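Visitor: These are the residues of each chain, in order.
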Amino acid sequence: MNTIIYVELQKIFRKWRTYIGFIAIGVLAPIVQIALYYEGSGYVNHVTRGLQDSFFMSGNLFNGYLIGYIILQALYIHIPFLIVLVGGDLLAGEATSGTYRMLLTRPVSRFTLVTGKFLAGAIYVFLLLAFLFLVSVVGSLLIFGTGELITIKGKLIIFASDDVLWRFLSAYGFAFISMTTILAVSFFFSSMVENAIGPIMGTMALIIILLILSVIPIDALHEARKFYFTSYMGGWDGFFTDPLEVTDILRDAGVLLLHIFGLYGLTTYIFIKKDILS
Amino acid sequence: MDSEKIIEVRSLTKKFKNLTAVNNLDLNVYKGDVFGFLGPNGAGKSTTIRMLLSLIKPNYGDINIFGKPLIQNRKDILRRIGAIVEKPDFYLYLSAYKNLEILARISGADTSKKKIMEMLELVGLAKRYNSKVKTFSHGMKQRLGIAQALLHDPELIILDEPTTGLDPQGMKEIRDLIRHLSIEKGKTVFLSSHILREVEIIATRMIIINKGTTLVEGTVEELLKSDLMQVTVSVDDTEKAKSIIDLSGWQNNLKHIEKNDLLFELPTKEVADLNKHLVTNDIKVNSLVPVRSLEDFFLKITEGVSK
Amino acid sequence: MMKKIFILFFALTFVLNAQNNNADKILSEVKKKFEKINDYKCDVNIKVDFDFIKMPDTKATIYFKKPNKVKMESKGFAMLPKQGINFSPMQLLEGDFNTLYIRQEKYGNYATDVVKIIPNSDSSDIIMTTLWVDNAQSLIRKIETIGRKAGTIKIELNYSAGQTHPMPESAKFYFNFGEMSMPMNPMQQDKKDEENRSRVPQEMKGSVTITYSNYEVNKGLPDSLFKDEPKKEDKKKK
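Going line by line, the protein sequences match chains A, B and C. Numbering-wise (the numbering used here), the first sequence opens with residue 1 and increments by one. Numbering-wise (the numbering used here), the second sequence opens with residue 279 and increments by one. Numbering-wise (the numbering used here), the third sequence opens with residue 586 and increments by one.
No wet-lab data here; the hints were simulated from the structure. Only a predicted model underlies this, so the values are computations on that prediction, with no experimental measurement involved. Any given hint might turn out to be false.
What the hints assert, rightly or not - Output of the computed footprint for chain B on chain A, the stretches with three or more beta carbons under 8 Å from beta carbons of chain B:
hint : segment
1    : 8-18
2    : 107-113
As the list claims (entries may be wrong) - Taking beta-carbon pairs under 10 Å as the criterion, some of the chain A residues facing chain B (in silico):
hint : residue
3    : THR3
4    : ILE4
5    : VAL47
6    : GLY50
7    : ARG101
8    : MET102
9    : LYS273
Glycine residues also receive a C-beta, built at the ideal position from the N, C-alpha and C atoms.
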């Protein structure tokens, strides 16, 4: 299994499209950082305006944690598109290039292969998120310094600076589950076709459609939201509330994990049964 | 004494929706054979090879390789097989070297630089080891395909149309390589082709299939130089002729029916008797053409398919 | 009869005058205590308890210098009610105002005089301030301010026994800003927003408890200390 994961990682990271995600983050995050560097204190002022009449304020609410939080919020919805670039290619790419024949006549079980590929994909997801964390949180902390994190969740919440890092790490942990769900969806589509474009576009379209359906203010559609996996992907934000929305977070994570295992299981089943005709 | 059976296929059948690609096929490959697997395009060669390599699951029938059932021993068996299936496709964005390294790793073979360069040397790609495969010509890919099939020092080598797209020089090189593998390294080679000549020169035994079933099987000598003669008898009423043959004692000599042509394989001296028998039974024999060699026969069925 | 009426009127005027004098006198006693304070520095521990704000307790150091220089320093973020630094009634007693003696009242264990200060100017931020002044020690025990912008603020002050300055040891501020909408998070278009009623005006009230310690009084703080304050507003103006 380790061999397969190693080999699959080599394949993933020797492909140019793999780096699109890293480049996108590497470009977007600094743009947000630069923009906020010049304009961003307005953000804090906007939030604290109502209190400035009655209170003296000191300290730095406009700090690396806030920037890291803003970037995560801003980019979160777009990361799935970077995930499917790799996820949709994992199986279909082998079919397109005809390398299935070479790969599957090696002494490895199809189960090992499909699992190894999925895990390699998950490692890519992890690395992409780790990169985002590095650029947006660690980078912002270096530029803007540390401090309390201020968020608005119906009320104003200010987290002590030593109470923030674990929230970020947990939120990124949750993001990992969310993005692995996206990976699983594109992986599943990838197992059914012989061209990577289909699963990539298909997964993107699915996400967009579900997101649009989620916001259409019609009661029936609103009710159906609980059947869309996309409705559970925002659970990371639960770590930035006080008190922690433990049941919400666990429910969201649970639903996503079920999706991951379900889709992975289904993909494995399809793949093992499949006749390789490409 | 029977030598060891490397591949034993019984009643192998594969259907795709309405198409029966392989129909009740039997074949045996013995240790040390260079086994020619012949048939026109679409005869079911590739489907059979894919089943031998467990890329496709048969609907029916048994495959034993190295004396063990394939399904249950897939990993152990594949470890001992090197194969090219149809055209050799590689990861185009990786170098020749990296492609081989990856495949060797998955096979659990030696991944040392020395070993991989040795394989590239063998197929004459050592100088281009670091070039991405997308820059390779078809012939180079074909040769890289051979290299990947030999990487893990397999006992059985399955080559599906290995000389397709090669120039005459390249074809000769491949033939020499196969001979070398067979004679000096003692490998068993399973070689499919739709070109008889290619197989004729190097194969020790061969089988010709069409429409998923065996037409003829035997050693090349048997097939090329037997005192058995192959005759195509062209008649006006195939149905009637067949029913008469079925009762005549020649029914086992009737190998193939193609429209109005009946292909017989029978001792030369019986040809006249067969003709007489048909004519006396009111069958008009329009022509009676002896098939001079396997190639004529092969060309005939190949043409039959392409018509 | 006429005389009686005159006496009654005089007496009434006298009482009213006495009351006025009383209020002014009480305030000037308090003021006198503060006049001795040129500057001070102390550490504060701030506990914010609002429904609409959740934040950890914070520590800060505050500086004051006469007449109205203030500065707050903190390692992290801190917010301190503006009345939490300068307790001198002097700023209340600037400009045109009326004072009114209301009554004597027992506040906790203390006998207090209740005094109202009403600015005459319409432009003043404060509509009315009520002080509960401990008549034995001339210490302000409680302040209630009705502001134009900042809503109602009630401040309860505690002093340590035997202290030499008129600054409190702890103070609890009760705020009521009235109905306000929480600002929207400008980056957030999250699905949960619509659920959590953040756009619906809420009753904004709560308290801030401040504990003062390590007072350093009249040690001579330099003016330069106060120069960069307040930072936030500077930035905002850009």
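Visitor: Can you tell me if the segment 107-113 of chain A counts as covered by chain B, using C-beta to C-beta distances under 8 Å and a minimum of three residues?
Guide: holds (count 3)
Visitor: Does the interface hint hold: is A/VAL47 within less than 10 Å of chain B, judged Cβ to Cβ?
Guide: At 48 Å from the nearest chain B Cβ, A/VAL47 fails the 10 Å test, so the hint is violated.
Visitor: Using the nearest Cβ pair, does A/ARG101 come within less than 10 Å of chain B?
Guide: holds, 4 Å
Visitor: Do the numbers back the hint for A/THR3, that is, is its least Cβ distance to chain B under 10 Å?
Guide: With a closest approach of 6 Å, the A/THR3 hint holds.
Visitor: Against chain B, is A/GLY50 within 10 Å by beta-carbon distance?
Guide: Not OK, violated: A/GLY50 not within 10 Å of chain B, min 56 Å.
Visitor: Hold the hint about A/ILE4 up to the distance rule: shortest CB distance to chain B must be less than 10 Å.
Guide: Hint on A/ILE4: holds, closest Cβ of chain B at ~7 Å, below 10 Å.
Visitor: Tell me if chain B covers the segment 8-18 of chain A under the three-residue, 8 Å CB rule, please?
Guide: holds (count 5)
Visitor: Holds or violated: is there a CB of chain B closer than 10 Å to the CB of A/LYS273?
Guide: This interface hint holds because 8 Å falls under the 10 Å limit.
Visitor: Tell me if the interface restraint on A/MET102 is satisfied: Cβ within less than 10 Å of some Cβ in chain B.
Guide: holds, 6 Å
Hint compliance for this structure: hints 5 and 6 are broken, all remaining hints hold.
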